[in-house]
Each structure stands twice: as structure tokens, then as C-alpha cells.
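For reference, the chains in residue letters:
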Amino acid sequence: MAEAAAARLPTACYHCGEAIPPGVSLVVDIAGVAQPMCCPGCQAVAAMITGSGLQDFYRSRSAYSERPDAATGEIADEFTIYDDPQLAASFCRQLEDGSSEAHLLLGGITCAACTWLIEHALLQLPGVQLAEVNLQQGRLDLRFDSTAIRLSELFSRLQALGYQPQPWQDSARRQLRQREYRADLRRLGVAGFGMMQVGMFAIALHAGALQGIETGYQGLLRWVSLLVASFVVYYAGGIFFRSAWRHLRAGALVMDLPVALAIGLAWLASAWATLSGGGEVYFDSIVMFTFFLLLGRFAEARLRQRHSPDWAEAEACLPSAVSVLREGEWQSIGRLRLQPGDRLRVKAGQVVAADARVLQGHSAVREESINGEYLPRPVGPGDEVFAGSINVEGVIEIEVLATGADSRLAALRRTTTGAVASKPRLAKLADRIAGGFVAAILLLTSATALYWWQVEPGRALWVSLSVLVIACPCALALATPAALAAAVGGLRRRGILVCGEQAIETLPRCSHLLFDKTGTLTEGRLSIARIQVIGDGNENDILELATALQQWSNHPIAEAFAGRSPEGRNCEWAKQVVGAGMQGSIGGASYRMGSEAFCREWCQQLPPPPGEALYWIALCSRERALGWIGLRDSLRAEAAEVIAAARASGLQLALLTGDSSPAAAELAGRLGIEVAGCGVSAADKLQVVQRIQALGGVVAMVGDGLNDAPVLAAADVSFAVAGAADYTRAQADIVLAARLDGLADCWRSARRCRNIIRQNLLWALGYNLLAIPLAAAGLVPPWAAALGMSASSLLVVMNSLRLYRPGKAS
Amino acid sequence: MDSLYLLIPVALVIVALAIRLLLWAIDNGQYDDLDKEAWRILQQDRQDNPDDGEDRAP
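So the sequences go chain by chain: A and B.
Numbering follows this note's numbering, in which position 536 of the first sequence is assigned residue number 538; successive positions increment by one, without gaps.
Numbering follows this note's numbering, in which position 54 of the second sequence is assigned residue number 927; successive positions increment by one, without gaps.
Among these hints, one or two may not hold up.
Unchecked claim - Listed next, the in silico EDC-like pairs over lysine to aspartate or glutamate satisfying Cα-Cα at most 20 Å (straight line):
1) A:K577 / A:E561
2) B:K909 / A:E134
3) A:K349 / A:D543
4) B:K909 / A:E121
5) A:K577 / A:E598
6) A:K349 / A:E331
7) B:K909 / A:E561
8) A:K577 / A:D538
9) A:K349 / A:E399
It should be emphasised that the hints constitute simulated quantities derived from the structure, not laboratory data.
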């Protein structure tokens, strides 16, 4: 499938399937063919895979791999913290024979072929005895000889293959899910075996009814059927009784009630017939009904579980170990053991592990995960830094103020989940409707029973049981959730994470599409837009000097110069001046590059930056100003196409941004969309959204999902466009992995889903309406009712599964 | 036909054993990952015949 997609898009990266940016010509030789790559990260991973002789992976995978971070491929020394025995003890276990056992959680597993790749790549390493990936949970179980290989090497290897490893934390939720899954499977298995046994006896009984059977044998067969069916009803069917009773006590009528009634009554009557030796037994119908009901539910639950973003926990982005001052020494300890008052050291490039105050050192922190700002904020002693921000420039020592659940990151996450959960959910409406439906079924059944009691008391029980089973709205209840779950699963395979399922239902009704910030339409990466030469220099000189200087920098500005060559100009030394810019020496002369104030220290005659709406940085030597370089956040390559498609499908588009610079208006103008608000506060944005909703509009909103969550939560459907690092942290109904094209995919999938839901509902309702009168007339025996009901549910689930396959591009 | 009085209880015992075995396998984690096992059997085959894996009829 991946190969077919690649054939359609000759410019797609062979590894991750993303479009190859212009000017990039990276290739990796895979099975004798030079395959294009989009970035050095993908190239390194692909080379690693083929280098290990595992190129078979590409042949058998069914989905593209995730695009690795740029740093992948180098041995990351951050993993050496896992060699610390104390930290390792939290997820490793020493076995009796001296080997160690470890459980890791892997990010980036996209298909079954990944498990093969991971297992084989790890088993090639000396000392690894066992490597087994659980695809359903994204978990890797390892057994290795800790004297032959270190944990950090295993982590590095996994990262080199393009996966993100982290220690497996056995959370309560995960354990609960595991227990539920196994319990479901146990019930299903017992019901299945029971059905086969009772079915076998039932054939004998039915044959006996036709040909004549001795009472002794009939009694025996009935007694063993009773035995097996009782066990099945108790063990596998118990869940229906418990659920019905629990809801009944809370005053709710749920679908489990008619199910429990049907099973319970049929069992009672059959048991009575067996004991008294008269009447008919329907043990086969009882177990069959139980089995197929459980099967339908199991299939739906599995579909739902398979793609839930399990590891999307806010703290997953924080480092597992930190360097802390204890008893006068710097020690590496687990983050979970941090306490307020601890003194931490954070090196450049590391993530701040807790909310803290800077004690010593100057640096700048990127706070994308807190406020979405991708340019770093300079910090010095006394300033506060927050958990989840990245230290960009120098080493700082900080004093912990709040950790874990008290941190601002956790609070942000709580408010957003609260906002999302408080949305009026269609599910609640569905529950109320189901309640009415169940009440109607019970009334109908009672009426049928009453009628037959008067006409023919002997058949009253069986006819009412048939009605109860036929009318059971199982297919109706499965119609919507099964389709939604399948649509969500299908989208997940294309790298789109759906967190709020209801969004799929709402999407086709949307009338407005708002972009919350310019960042969703742009790359979030600066590029050079214009160069203003001062005096008699030329543009090339300025570019070359700037490139040479920026090669020493790890500030985001340096990204604008990445991929350029300084053409022989060599920077002998350079240093980063925190919060100001770069200073360095090239060819014996000193240069400065950075903010206006920084360069003005050297040359007062520096003219102010040109009036254009760009991000300007100055370049000067000790003697004179050389020029201004204007940087701009470049537009996403796919933005124009997505906007055109959205407009074509009748959506009203608008940009709503907190950015007050003219750049926003200019951007909107380039794309031809309306600017609904410029420089507006979060509260104003909320008002705009609510105003549209008050006029009857249904609003879909695109943001980054990190700091604009309250606005996103107010919209009817929210999208977040997030980079690989923030992918699982972003809070929105639907998270798109770094690309906007997913928007169109979502809409297409949502429309198909709506159609399938309609088909399902039509079928389920039609079937119920047709079959209920037949059953009430006494024309449907209970076994046929049970079979029909189950077949109807399975049909609905199968129909929904069609959504799982990628749709035809329309 | 009297043998039924013996054979049916024997069948029940066998079913009980089979269910016991299934429950043991589930609790042992053997059914925890239904996705991978279905796929792995194909992959193993391909691995043993690296040269003609792709062209072989299924």
C-alpha cells in the first residue's frame, strides 16, 4: 500500500511518505534501487535499516513510517542516564540466571512490519536474548545480558531505527485495560465453547423431535444442555445482568436490560421445562445469543482500543532523569523523585523537568509547549522557567518550585481536558434515546405476552421472548460507534490522531473553518525573505558571512541559514551572546549579528530596519554596518491547495490571530482568506467563535493545540497541527501530524462515515420494524430470532469496517 | 445406545479441560496481541526464503 502511494507521488520520501522539499536530493540504496529521502533523519534511519540487512521491512510494511527527529542517527548521549542502576530498576528486573528483563514503550510503530524490524534489529546485537514487541500496546519486552550490552545502547539502537523509546510505566489505566481485554476474551471463549457443545446436543434434540426420541435420552440431553448453558449464562452472560441491574438502580434503561431479560427468562423457562420434563428447551438460542452479542462487542472494543493514543501523557515529554545537587554532589536521579527546593542543572538542549527559578547562569528557553512561541525567551537568575520548556543556549542551575501534578504543564493539560470533556456530547443524547427505545421494547413485549396469554397461553412465553430478542436494538446501538471507531482507525493509519470521536460526526455539518494562528498555515521555521545591503557591500557577501556565523549557533534563527554554504569563509571562533545574537571572527575580522541594540553597541550609524513586516536581524563589523537580513516564516507548501479544497466544499474561511504584526494580514492576503481578527486576545477569539455559533454556524477550528486549547474546545470541531515532538501532547479533537493535507482526508473520511452511519441505522431500524410484527405474530422461533439479531449486528460492524480502508480520492 | 450415558459426561470433561486450557492461555498473555501473530506467520515464511518470498503464490 505504501508502495502504491509512493508510485503516485514520485516526490514522496520513501521512508516517511512526506513530500520532499525542493532542493533536497538525498537517496538511500534500498534493495538495489536508489530511493529518495526527504531529510537527513529519514536518510539515516533508512541507511541503518538497510545496513543491518533488514530492507525486507520496506517490502512488507503496510503504512509509512513516522518521520524521525532530525537528531536521529547520531548516538544520543541522553540515554546514558538509563545506565544508572537506580533509574533502571524502575522498569528493569534482574532474573535468576543473571540476565535482565526490561519493558519499554515505543513511539512510532505504524504497522506490523515495524515489530519484525525492531525484533530482528535488536536480536542482531550481542547480549540480547529476547526482543518481543506487543503491537497492540506498543510495548517492547526485552531480555538481555547486562554485562554484554548496556541499556543506553539498546535505546540508541531503537532511536536509530526511527522509534522513540521510553521506559514503560505501568499506569493504572493501562492495567485496567489489559484486565478488561482479557476478561472479554475469557467470556467470549467460554461462550464459544459452550455454544458448540449445546449446539451439538440441540441437533440431537431437534432430530429427536422429528424422528422420535426416548424420554430417557431426551432427559439426558436436556440435563447436560442445562449444565453447560447455566455455566455460560453465569460466566459469560453475567456481565449483561450486572450492567442492567447497575443502570436500573441508577434509574436508567439500557440495552443490556432487554438482553438480560431475554437470556434470564429463556433460561428460567428452559430450566423449568427440564426439571418438570415438559415444554420446550431453548438452551441453544441462549448460548448463541450470548456468544454473538459478546463477539460484536469484542470486535467493537478492539477496534476502538487499537488506535487510542495511549502514551499521550503530558509528562511523556519530560526527561526521565535529572541532574540534581544532593549532599554536595551532582547526582542523576529519576524525575519522579524530585522535590521542591532541589537544585538542578540543565544543559543546553535539555528539557526543563519541573517548574523552577533560575539560580545561576544565563540562557534562553523555548516554550512552545507552554505558549506556542517558537522563538526562545532569554532567562537569567531570578526568572522562572516551566516544565516542558527546552533550554537552548547555556547551562543553567535552577531551584525546583513545583513538580509533577503541580507544574504549569500539568495544569494546562487539566484545564484543556476539562474543557473538552464539558462539551455537550451526542453520546448523552444517544443514551436518552436508547432509554426510550428500551422502554418501548418492554411495553411491546408485555403487550405481546398479554395478547398471547389470552389467545394461546402455551406459546405466550416463547413468542414474547422472540419479540424481546428481535427488538433488541443491538445493531442500532452499534451502528454509530462502530462506524466512528472504524473511521478513527482508518485516519490513524494515515497519521491523523482522532481524540474526540464525536468530531467525525460533526465535521460534515461544519460551515466555518477558522485558522487560529498564522503558525498553522506556516512552517514554523524561518527562511530568508529579503536582504537589505547597507553601503557598498553585496548580498552574497552578507549571506556568506551570516551563514558562517550561524553555523556556530543553535538558535532557531540558524535554521534559516541551514543548507547554505559559507563559500570558503571560515569562522575561526564564535560565541552566542544570550538574548542578543552571535559574535565571531571570520578571516581575522570581528563581526556581530543579531538584534538592533546588540549591533548598535559597535556602530552607532546603523540605520533602523526597513519598514517591511519581516523579522529583521542586523549584521555589522566592528567598523561599519553591513546590512539587514529579513526573515519570514514560510508558508506551508500544501496550504494553498488545502484552502482551495475547503473553499470548494462550501466552507467559509477566516484567519483569527493574536499576531498584531502586518505579517498576518499579508499572509491571509496571499492565501486569499478573510482576516476575522488581528491581534485579538484569547477571550476575543472565544467571542468570535461563540458569535458564529449563535448565528447557527458550526465552527471547525485549526490551532496548534498546545496553548490555544480553550478556544479550540469552544469550537465544534478542533484540529491541531503539531510537529512530531508535540504530536501526542496537543489537545484537540483531531491532531494532524505536521501537515495540513490531513484536513481534506478528515473531511472525506467524515463524509463517508456519515453515509455508513446512515446505512447502518437504516438497516437496523428497517430490520427491527420488519421483524417485530412477524415475531409478535408468533412466526419467528426464538433460535431464528437470536440468529437474525446477531447477524444484523455483525452486518453493521462489517459495514463499518469498510471505513477502515483508505477511500477513493474524490 | 447406553454408551451415551458414559460418552456425554466424558465429552463434558473434555470441554471443561479445553476451557481450562483456554483460560490459562489467555491469562498467560498468549492472546494479548492478536494483530501481530496473524501477520508474523507470513513474515516467517518470507524470511526463510529471502530470494523468492515476493513472487510465491500465497
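Query raised in the report: Looking back at the numbered hints, which does the structure fail to meet, lowest number first?
Result: The structure breaks hints 3, 7, 8; every other hint is satisfied.
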